[in-house]
Amino acid sequence: LTERQILWKVELPLARPEIFAGLQIATVSTVAIATLAVFAGGGGLGTPIKAGIDFKTNIIIAGGIAILMALAFGLILFLAQRFLTPWRRVSTA
Amino acid sequence: MIGALPPPTLASIEGAIEFIFTPQSSNVTGGKAVGGFEQVVELTLNQLELTLLALALSLLVALPIGLYLGHRGTGELFAITIGNLGRAIPELALIAFIAAAIGVGVLNLTIALAVLGIPPILANTFVGIHQVDRATVDAARGIGMTEFEILRKVEIPLAIPTIFAGIRGATIAIVATATIAPLAGVLTLGDFILNQNVYGNNGVLAGAIVVALLALMFEFSLAALQRLLTSQGLKSA
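So the sequence lines, in the order shown, correspond to chains G and X. When you read off a place in the first sequence, starting at 1, and then add 433, the result is the number in the working numbering. When you read off a place in the second sequence, starting at 1, and then add 3, the result is the number in the working numbering.
Everything labelled a hint here was simulated from the structure, so no lab data went into it. All C-beta atoms in this analysis are idealised placements derived from N, C-alpha and C, irrespective of residue type, glycine included. You can take every hint at face value.
Listed next, with one range per pair, are the computed distances between beta-carbon atoms:
id, chain 1, residue 1, chain 2, residue 2, range
1, G, Lys489, X, Ile146, 55 to 63 Å
2, G, Pro450, X, Glu41, 47 to 55 Å
3, X, Ala59, G, Gly455, 25 to 33 Å
4, G, Leu512, X, Leu232, 36 to 44 Å
5, X, Ile114, G, Gly455, 26 to 34 Å
6, G, Phe511, X, Glu17, 44 to 52 Å
Computed far set for chain X versus chain G, every beta-carbon distance over 12 Å:
id, residue
7, Thr25
8, Ser29
9, Thr47
10, Glu52
11, Arg75
12, Gly108
13, Gly147
14, Thr149
15, Leu217
16, Ala227
17, Leu228
18, Ser234
19, Gln235
20, Leu237
Partial selection, computed: residues in chain X whose CB lies under 8 Å from chain G:
id, residue
21, Asn87
22, Arg90
23, Ala91
24, Ile92
25, Pro93
26, Glu94
27, Leu95
28, Ala96
29, Ala99
30, Phe100
31, Ala103
32, Ala104
33, Leu186
34, Leu197
Extracted from the complex, chain G is given alone in its bound form:
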């Protein structure tokens, strides 16, 4: 195999679980942190939280949606990883 083939056919596939673990962390935490965008004029789910900082329902609903969104992104990545690393499904790892 050439160096290029080693990278694409051996190293990258074998590194997929770790790459996905990193993607998973980055994606999920970014969704959560994006609620802070409101302070930079970016809107988002932080808006109702900031506007109604003394109202619990606002916070619970906006926060809940943010959590669900983060988990949904996490789930999509998890499914993508299962699809891209089929050999992991048979082993118990």
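Starting from the known structure of chain G, arrange chain X on it as the hints suggest.
Then chain X, alone, in the frame of chain G:
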């Protein structure tokens, strides 16, 4: 609680640095100067205190559980799920909720920030201890070490890099998030950032710069501590 912020424009670095060292006039305080070295130091110390308290609480909760579960090899789903769920919680919502439901103050904020710190420490401690080669552990048991000795002399030294990765991640997250503590009544460096109408763009940038420096300081200190705690035998390997 906070006024409407105009979309921030980047003030000059120069203005921000001036803000850090000398008090500036403000439009809304009736001639009272804002910023300056004294206030920056005061807010930095507040942020430092909050960070250290939250970090201590996180360590106190997450380390024992992680060590115990990792050593036993049970509760993998629990540790990993906590690790993943914890990252999904928007800290702004959590802090706002705690402030609205329980009340403001240092103690409540410490708990809110610990929620941010516990998951990475717990997950990494579990994984670090759990992934230690079972044959090594069996060998340690074979030469007569007690379970506690195995944990302290074999598993923890071998798991130090992973455990510290968790602690460093948690610390950076806590020190950075302590910036929004003013929303729950504790004045940290975020005061400069959240109250742009009082401190001006210079204050916003100054706050951001000092928070970033504080985070870097924590990162370097923890890296040094990690080197210090890494077993001599593992360093040469």
